[in-house]
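Engineer: Here are the chains, one letter per residue:
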Amino acid sequence: MDAFTTHTGTAAPLRRTNVDTDQIIPAEYLKRITRSGFEDGLFVAWRTNEPDFVLNRPEYASASVLVAGPDFGTGSSREHAVWALLDGGFRVVISSRFADIFRNNSTKSGLLTVLLPQPDVEALWTAIEAEPTTEVTVDLQAKQVRYSPGGGQSTTVPFEIDDYTRWRLLEGLDDVGLTERHLGDIESYENGRSAWLPRALPAR
Amino acid sequence: MASEESTVPKTLAEKVYDAHVVRSTSGEPDLLYIDLHLVHEVTSPQAFDGLRAAGRTVRRPDLTMATEDHNVPTLDILSPIADPISRAQVDALRRNAAEFGIRLAPMGDRDQGIVHVIGPQLGLTQPGMTIVCGDSHTSTHGAFGALAFGIGTSEVEHVLATQTLPQYRPKQMAVTVDGELPPGVSAKDVILAVIAEIGTGGGQGHVIEYRGSAIEALSMEARMTICNMSIEAGAKAGLIAPDETTFAYLKGRPHAPQGADWDAAVENWSTLRTDEDAVFDREVRIDAASLTPFVTWGTNPGQGLPITGAVPDPADFADEGDRRAAEQALAYMGLTAGTPLSEIKVDTVFLGSCTNGRIEDLRVAAELLRGRHVDPDTRMLVVPGSVAVKAQAEAEGLDKVFLEAGAEWRGAGCSMCLGMNPDQLKPGERSASTSNRNFQGRQGKGGRTHLVSPAVAAATALTGKLTAPADLENAGV
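Order-wise, the sequence lines are chains A and B. Every number in this note's numbering is 860 more than the matching position in the first sequence, counting from 1. Every number in this note's numbering is 1 more than the matching position in the second sequence, counting from 1.
Hints listed in this document are in silico derivations from the structure and should not be mistaken for laboratory results. Fair warning: this is a prediction, and the values are worked out from it, not measured in the lab. One or more of the hints may lead you astray.
To be verified - Here are a few chain B residues that sit away from chain A, every Cβ distance over 12 Å (derived from the structure):
id, residue
1, Phe49
2, Leu161
3, Glu181
4, Gly185
5, Glu217
6, Trp263
7, Val280
8, Arg283
9, Arg324
10, Asp378
11, Gly465
12, Glu474
13, Asn475
As the list claims (entries may be wrong) - Here chain A is said to cover these stretches of chain B; the calculated rule only asks that three of the stretch's residues, wherever they fall, bring their Cβ under 8 Å from a Cβ of chain A:
id, region
14, 26-34
15, 335-342
Claimed, not checked - Simulated restraints, written as ranges between beta carbons of each label pair:
id, chain 1, residue 1, chain 2, residue 2, range
16, A, Glu1040, B, Leu404, 48 to 58 Å
17, A, Gly1052, B, Gly28, 23 to 33 Å
18, B, Gly109, A, Ile1021, 46 to 56 Å
19, A, Ile1021, B, Asp317, 30 to 40 Å
A virtual CB, placed ideally from N, CA and C, is assigned to each residue, including glycine.
Using the sequences plus the hints, can you model the full thing?
Structural biologist: Written as C-alpha cells, this is what we have:
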C-alpha cells in the first residue's frame, strides 16, 4: 500500500446522502479478477445518465478530494469501491459519516477517509462550489484539513483518526505482515480451541 | 483477573468477542480469531493473488469453505457460464480452491448455494463462533448467536493468511421487539421497520442484538432474515441469543457436533446470553403488535413505509439531506408523491436471495399462490437459496405450485438480488423483491426495486400491484 502523509488537490462536492457502493461501482464491474483498472466503473450510472453530475463538470474533472454527504459507502462490502475511487484519481473522501466496511477497506489501500462534522462539510461544499480551483490540503501528520475559501484567509479544520490506523497509513504498512509478528499468540490460541468446533472439511 | 472478568456484566456480542481475542495491547486493535471463513468468487481472486505474490499459504483450509453464487446463472446451470468474464471469475475460484486446498461447492454440487444459506444448512454456522466472509450479508449467521460480519478483499487475504483479523471493539445496541406479530407480518417486515426507524446509518459502529418475545418466537430462518439486513441499518453485525430453537435446528446437521461433543457444545452455547446488568450503548424498542407489512418506496432500505401508506412528499422532510435524497429517489423510481403504495404496479416479482431464499420463505409464498394465477402482465421468479433448498421444495411439491401459478422455478444462486448474472431488470422495469437492497441499478441498470416480504411478494405477483396478503380477498384473486 502507498503511504499517505499529506495530500493537496482540488475537491469535488458530492451533495448526496447514502452514496452506496453499488453507485460507486456497479456489480457488473466486479467480475474482473484484477486489482486495478476500475476507473471506468466509478459512478458510471450517474456519469452516464446525469449530464450535470458533479464529476461530469470540467471544473471538477481533476479533483482528487471527494466531499460527500453522510452515510458514504453503505451497502456491499466490495473493496472494488475503494479501488475505483483510487483508480479514478481520488486520494481522500470527506464525509460526516462513513459505512464501517467501506471505511475499513479504505485504510487497507491508502485511500484516506476523513470524518468531519456536517457543518464543516457544508462550509467546504460552499467554498469549492464558489471556487472550484480551491486547493484543499489533507494533512494526516497534523490531522488537519486546510483550505482558503475564495483565496482568502486559510481555514483549518482538525479531524480525528485513531493513532494506529494513522501510523499504518503514514508508513504504508500492510496488516498481514504486522499480524505475522504474532504467530506465536495465534498458535497458542488455536491450541486452546474447543475440540467440537466445526471444520469445513467434507462432512461425514 | 479471572474473577474480575466473570463479574463484569457483558452483552452476548461482548462474550463472543472476548472469547476470540488472540492478543490485546493498548494502542493497537485487538487480534481476533476467526472460526469460519466463507469464500465466494467475487471478492476473493485478488486476495489469493496477494497470497501467491507474497509466497503465503492458507493457514487453516479446514476452517475455510468456498462456493459459487453471485455469478451463477439460474437456468441451464450444468452448462459452462455463457458470459466469459463471469466464467473466468468462477474458474479463478476453482483454481484457487484447488491450489490452496479449500473445499469448494461448485455449480451442480449438492452443497452449492448462496454462501449465507449453505453455512447454516450444513451446520457450519454455530453459536458463539466468529464468522467472516467477503460479503456484507455475513451478518445473517448472527441468527445463531455468532459474531458474523462482512469484510473487504484485503481482509479476506488477511484471514486466509493468518485466520485472524485486527478489530476494534464494536459498540453495543439492543433492538427489543416485544409482543406478538399480527398475522401476515413477518421477520422481513420487522427488519424493514427497524431500518426505517433508525436509518441506514443508525447502527454504524454497533453490533445489534435483537431480543424480546417477538424475536424469541421466531424460527431460525426468520431470525436469519432479520440478522441478514443488519448491515442495511449500518450495523457491523446483528445477533440473537441461541436457545432451544437454535439447538433443535442444529441437531443432526452434517457439521453439528455429535454425542459427547454435542453435550459439551450445548453447555457452552447455553452461556451465550447477555448478562442482566450488561449495558448497551443504545436501545431501541418496537411493539410487534403495531407492525404491518412494510415496503420500500425509495432507493435505500431506510426509505420504507407500511404498505397502507402513500409515497411521501419530499417537502415534508425536515432535514435537507433527507429531502434531497427523497427527491432523487422519487425521480429515479418514477413515483409521484401521494400515490398510495398499494396502487404501484410492478413488472417483476423476485422471490429469493440470502434474505428470503430459504424453505420457509418458499412455503409462505406457495401457500398464497396455490390454486391461483400470477397476474398476466407480471413475471415471477422463484429462486431457491441453495441446491438443498431446491430439493426440499421439490420434495414438498412447491415447484409444481409455483409452476402451475405461472411463476418461473429456477436453480440456486444470488440471481436478481444483484446484477452480476443473467437475471436482471431492464431499464425502467419495476420489481417487488424479497432481496435486501433497493439501491439504484442494484437489480440491473435502471431497474426500480421495492423491497418486500415473501408473503407480500406472492400477493403482489397475483395482483400485479404492491399488495398485502390480507387484501387478496378484496382484490378478487
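Engineer: Checking the smallest CB distance to chain A, is Gly185 of chain B really beyond 12 Å?
Structural biologist: holds (29 Å)
Engineer: With 12 Å as the threshold, tell me whether Trp263 of chain B passes as away from chain A on beta-carbon distances.
Structural biologist: violated (8 Å)
Engineer: Apply the coverage criterion to the region 335-342 of chain B and chain A: a residue qualifies when its Cβ sits closer than 8 Å to a Cβ of the chain, and three qualifying residues are needed.
Structural biologist: violated (count 0)
Engineer: Beyond 12 Å from every Cβ of chain A: is that where the Cβ of Arg324 of chain B lies?
Structural biologist: Incorrect as stated: the minimum Cβ-Cβ distance to chain A is 10 Å, not above 12 Å.
Engineer: Verify that the Cβ of Glu181 of chain B lies farther than 12 Å from every Cβ atom of chain A, and report whether the claim holds or is violated.
Structural biologist: About 32 Å separates Glu181 of chain B from the closest Cβ of chain A, which puts it past 12 Å; holds.
Engineer: Could you check the hint for me, namely that Gly109 of chain B and Ile1021 of chain A are 46 to 56 Å apart, CB to CB?
Structural biologist: holds (47 Å)
Engineer: Range first: 30 to 40 Å. Now tell me if the beta carbons of Ile1021 of chain A and Asp317 of chain B are that far apart.
Structural biologist: Holds, since Ile1021 of chain A and Asp317 of chain B (Cβ atoms, about 37 Å apart) stay within the stated range.
Engineer: Over 12 Å to the closest beta carbon of chain A is the bar; see if Glu474 of chain B clears it.
Structural biologist: Glu474 of chain B clear of chain A: closest Cβ-Cβ about 37 Å, beyond 12 Å.
Engineer: For the pair Gly1052 of chain A and Gly28 of chain B, does the Cβ-Cβ distance stay inside 23 to 33 Å?
Structural biologist: For Gly1052 of chain A and Gly28 of chain B the Cβ distance comes to about 25 Å; the hint holds.
Engineer: Would the least Cβ to Cβ distance between Asn475 of chain B and chain A come out above 12 Å?
Structural biologist: Correct as stated: the minimum Cβ-Cβ distance to chain A is 35 Å, above 12 Å.
Engineer: Confirm or reject the statement that Phe49 of chain B sits farther than 12 Å, beta carbon to beta carbon, from all of chain A.
Structural biologist: violated (9 Å)
Engineer: Would Val280 of chain B pass as off the interface with chain A, using Cβ distances and a cut of 12 Å?
Structural biologist: holds (21 Å)
Checked against the numbered hints given earlier, this structure breaks hints 1, 2, 6, 9 and 15; the rest are met.
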